[in-house]
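Residue-level listing of the chains:
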Amino acid sequence: KAGVTQTPRYLIKTRGQQVTLSCSPISGHRSVSWYQQTPGQGLQFLFEYFSETQRNKGNFPGRFSGRQFSNSRSEMNVSTLELGDSALYLCASSLEAGAFNEQFFGPGTRLTVL
Amino acid sequence: GENVEQHPSTLSVQEGDSAVIKCTYSDSASNYFPWYKQELGKRPQLIIDIRSNVGEKKDQRIAVTLNKTAKHFSLHITETQPEDSAVYFCAATAGNMLTFGGGTRLMVKP
Chain A
1 KAGVTQTPRY LIKTRGQQVT LSCSPISGHR SVSWYQQTPG QGLQFLFEYF SETQRNKGNF
61 PGRFSGRQFS NSRSEMNVST LELGDSALYL CASSLEAGAF NEQFFGPGTR LTVL
Chain B
1 GENVEQHPST LSVQEGDSAV IKCTYSDSAS NYFPWYKQEL GKRPQLIIDI RSNVGEKKDQ
61 RIAVTLNKTA KHFSLHITET QPEDSAVYFC AATAGNMLTF GGGTRLMVKP
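Going down the list, the protein sequences come from chains A and B.
Each step along the first sequence adds one to the number in my numbering, with nothing skipped, and position 76 is 76.
Each step along the second sequence adds one to the number in my numbering, with nothing skipped, and position 59 is 59.
Hints may be right or wrong, so weigh each one.
Restricting the straight-line Cα-Cα distance to at most 25 Å, the calculated cross-link-like pairs of lysine-lysine (DSS-like) are [unchecked claim]: (1) B:Lys68 with B:Lys37; (2) B:Lys37 with A:Lys1; (3) B:Lys58 with B:Lys109; (4) B:Lys42 with A:Lys13; (5) B:Lys71 with B:Lys22; (6) B:Lys68 with B:Lys42; (7) A:Lys57 with B:Lys37; (8) B:Lys71 with B:Lys42; (9) B:Lys57 with B:Lys68; (10) B:Lys42 with A:Lys1; (11) B:Lys109 with B:Lys37; (12) B:Lys42 with B:Lys109.
Treat the hints as calculated values from the structure; they're not laboratory data.
Required output: the full structure, derived from the provided sequences and hints.
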């Protein structure tokens, strides 16, 4: 099976812009979670989607949003970008919802905000 | 919410030695504790996990121990090899979301 894929792999934006990141899960996986990875904060949970519904949300401002489509593909959107949003954004898919299931990570999208 | 602290942040060992990474968590309801390995420039991958009804779990050179009373769990790597060099993340969850520790950069010197 193909692994989790993310597009684009790299993005450069300026403050105030918005960005949309895409994640395609492993075939058959119905849950997609998003994480922000930074050198200072490590891996932080953003949200989880299952059956097109957001199940859980981490402690991030409302500028961070997401959605999931009927084919389980997911997008994450960040509006009004700030310098501090520069990070590696990882998505992970799992067979079922909930954090007890093994998370299969994608390669990440590296976002740089100038 | 859950808070996971991981120590040390960096660890350097000689090839063949053992390495131990420790994590503490705050939520007594947490009952699943996975460990992920992230090699340089690559994605995190699950290497071992443990559930709260088990005190220890082994997989070849890797073992994880859990002390629920003290709310800490540890990763043990024996006979370390250069390919063990990576960043290791512990995590804890009561089911809703994974909370990760800050990571440990393990360097195995040949």
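Each hint tested on the structure:
1. Proximity of Lys68 of chain B to Lys37 of chain B is assessed by CA-CA distance (about 23 Å); at most 25 Å being required, the pair is judged to hold.
2. Distance check on the hinted pair: Lys37 of chain B and Lys1 of chain A sit about 21 Å apart at the alpha-carbon level, within 25 Å; holds.
3. With a C-alpha separation of about 24 Å, the suggested pair Lys58 of chain B and Lys109 of chain B falls inside the 25 Å cut-off, and the hint holds.
4. For the suggested pair Lys42 of chain B and Lys13 of chain A, the alpha carbons sit about 23 Å apart, so the restraint of at most 25 Å is met.
5. A threshold of 25 Å between alpha carbons decides the hint, and for Lys71 of chain B with Lys22 of chain B the separation of about 11 Å falls inside it, so the pair holds.
6. The straight-line distance between the Cα atoms of Lys68 of chain B and Lys42 of chain B is roughly 32 Å, outside the 25 Å bound, and the hint therefore fails.
7. For the hint linking Lys57 of chain A to Lys37 of chain B, the alpha-carbon distance of about 24 Å falls within 25 Å, and the restraint holds.
8. With a C-alpha separation of about 30 Å, the suggested pair Lys71 of chain B and Lys42 of chain B falls outside the 25 Å cut-off, and the hint is violated.
9. A C-alpha spacing of about 14 Å is found between Lys57 of chain B and Lys68 of chain B, which places the hinted pair at or below 25 Å, so the restraint holds.
10. At roughly 18 Å between alpha-carbon atoms, Lys42 of chain B and Lys1 of chain A fall within 25 Å of each other, so this suggested pair holds.
11. Restraint check: the Cα-Cα separation between Lys109 of chain B and Lys37 of chain B comes to about 18 Å, which is no more than 25 Å; the hinted pair holds.
12. Between Lys42 of chain B and Lys109 of chain B, the direct Cα distance comes to roughly 20 Å. Compliance with the 25 Å bound is thereby established for this hinted pair.
The structure is inconsistent with the numbered hints 6 and 8, although it conforms to all the rest.
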